[in-house]
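> Each chain, written out:
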Amino acid sequence: MFATVKAAAVSADEPGSLLLAVAARDQQALRRLYESEAPRLFAVALRILHDRSAAADALQEAFIQVWHHAGRWDPALGTARGWLTGLVRYRALDLARARGRETLSPEPLAEEVADDEPGALERLLAREESGRLAGCLETLDGKNRRMILLAFVDGFSHSQIAASVGVPLGTVKAWIRRGLMALRDCLEA
Amino acid sequence: MIPTDPDELDLLAGEYVLGTLEARHALEVKAALDHDPGLKAAVARWESRLNGLAALVPPEPPPPDLWSRVVQGIAEAGATPRVAYRRRRSRLLERPSFWRWTTAGFAAAAAALALLLVRPAPPPERYLAVLQTESTSPAWVVEGQAGGGIVLTALNPRQPEPGRALELWGQPPGATAPRSLGLIPPEGRVALDPTTVQPRPGMLIAISLEPPGGSPTGQPTGPILFVGRLEAVPR
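Read top to bottom, the protein sequences are chains A and B.
Here the first sequence is numbered in my numbering, starting from -12 and rising by one per residue.
Here the second sequence is numbered in my numbering, starting from 55 and rising by one per residue.
There may be inaccurate statements among the hints.
Below, a sample of chain B positions facing chain A; criterion: calculated Cβ distance under 7 Å [said to hold, decoys possible]: (1) G68; (2) T74; (3) R78; (4) L107; (5) L110; (6) P115; (7) P116; (8) L120; (9) L258.
Short derived list, chain B residues pointing at chain A, Cβ under 7 Å [unchecked claim]: (10) L65; (11) G92; (12) E114; (13) P118; (14) T230.
No lab work stands behind these hints, which were simulated from the structure alone.
Ideal placement from N, C-alpha and C gives every residue a C-beta, glycine not left out.
Based on the provided sequences and hints, a complete structural model is requested.
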C-alpha cells in the first residue's frame, strides 16, 4: 500500500492532481494549487464581497479548509476546480450574509453578461468547458438568466435581486427555482 | 427543515449552491450535509453544474501577503493535521486513487481495516534509514513500518558537547521544511508512534545540534550532523 506513495510526486500542475497531493499532506502541492488558483478564486470572492480585505479573509479560510479537508473532494462528483470554487463561494457568502449583504455591487457583472445578445455567454465560458452550461443558460428567459447570474456571480440575495431586476420579491424565488429546474433538465438532456 | 421529497431536496440544494438562501437556512443545509448523503450528492451535482460560472469573473491577483496568512492559519490550527474520518461510500473505497492518496491517521487505519475484511492483509512494508555523515561511519539506524511509527537507535551512542542537544527531524517527500520529532535522550533511543510521525519511503530523517531544549524556531538552527532517507526494505 505504501509502495505506491512514491507515485504521489505530482508531475502535472492540474488542480485535480494537486488536490490529491494535498490530501496526501504535500505542502508544496498546496502552494502550487494556491499559485495557480488563487487569482481566479480571489476574484470570485471579491465579486461577492466588494471588499479586498473581506475577500482575502474568505480565501485564507478556504485554503486552510483545503489543507484540512482536501480528502473530502470526490472526483466522481465534480471537478477539483468546482470544489474549490464552492469552498470559496460558501465562505464569501457566509461573510456577505454576516454583513447583511449590505454592499450591493454598483455594477453587477451579471448585467454585463446576461444581456440578450446571442452567444455572449458562450464566448465568455468557451475556455472553461462550460459551453454546455452557457448554451443552457441562454435558453432561459432573459430576466430569469439575469437573476441566476446575479445570485451566483454577484452574491445577491432574493431581495437584492428583486430590487435589481424590478420583480416583486415573492416571485423571485419561484422564478429562480424554475430557472434551476430548466437548467438541470437542459444539462441532463 | 430539510425536505424529504426528492424534487424539493434537489431544488434546496440548487439554491444552496446558488447562494440565495438566507443565513439561517444556509446554515441548516450546511449542517445537514454531514449526515444526509442524498443532500450531499445533490449539492455536489449542483456544484458541478453551476460552478463553471465562476469563469465569468476575470481573475484578480490576491494581496501578496495572503499565502503567508494561509500558512500561518494552518500552523495555528495545530501541527498535527486533523483528519476527520467519516465512513465513505463503498464506491470511493474501491477506487485505487483513494488507496493511493489516503495516507494519514484514521483514514489509513480504517483503510487497513477495510482491506482486512476482503483479503488477508500483507505484512506492512518496513522502512530503514541509516543516518550518516561523509566523514563518519554509520551512527544511527531508523526503522519504521507502514501504519506504524519509527524507532531511532544509536549504533555508537555518544553525548553532544555540554550545553547542546540533539534534535530529530522528519521531512516527508514533497514537504518544503522538516518538522521536529523531538529531542534525542542521552541513551540515544527514540520510539515515536504514528500520531507523531508516519514513515514513508523517501522521507528525510535528520539530526541537528541545537541549544538545550531544542530549536527555538521550529526549524533546525544548528548544523545537521546526520541525515538519511527512509527506503522500503525489499520483501
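> The structure should be examined with respect to each hint, and the outcome stated for every one.
Against the structure, the hints come out as follows:
1. G68: Status holds, d = 4 Å.
2. T74: holds (5 Å)
3. R78: violated (9 Å)
4. L107: Status holds, d = 5 Å.
5. L110: At about 5 Å, which falls below the 7 Å cut-off, the nearest Cβ of chain A leaves the hint on L110 of chain B intact, so it holds.
6. P115: Holds. Min distance 5 Å.
7. P116: holds (4 Å)
8. L120: holds (5 Å)
9. L258: For L258 of chain B, the interface hint is violated, since the closest Cβ of chain A sits about 14 Å away, which is over 7 Å.
10. L65: holds (5 Å)
11. G92: violated (13 Å)
12. E114: holds (4 Å)
13. P118: violated (10 Å)
14. T230: Check passed: Cβ of T230 of chain B comes within 5 Å of chain A, closer than 7 Å.
Violated hints, in rising order: 3, 9, 11 and 13; the structure is consistent with all others.
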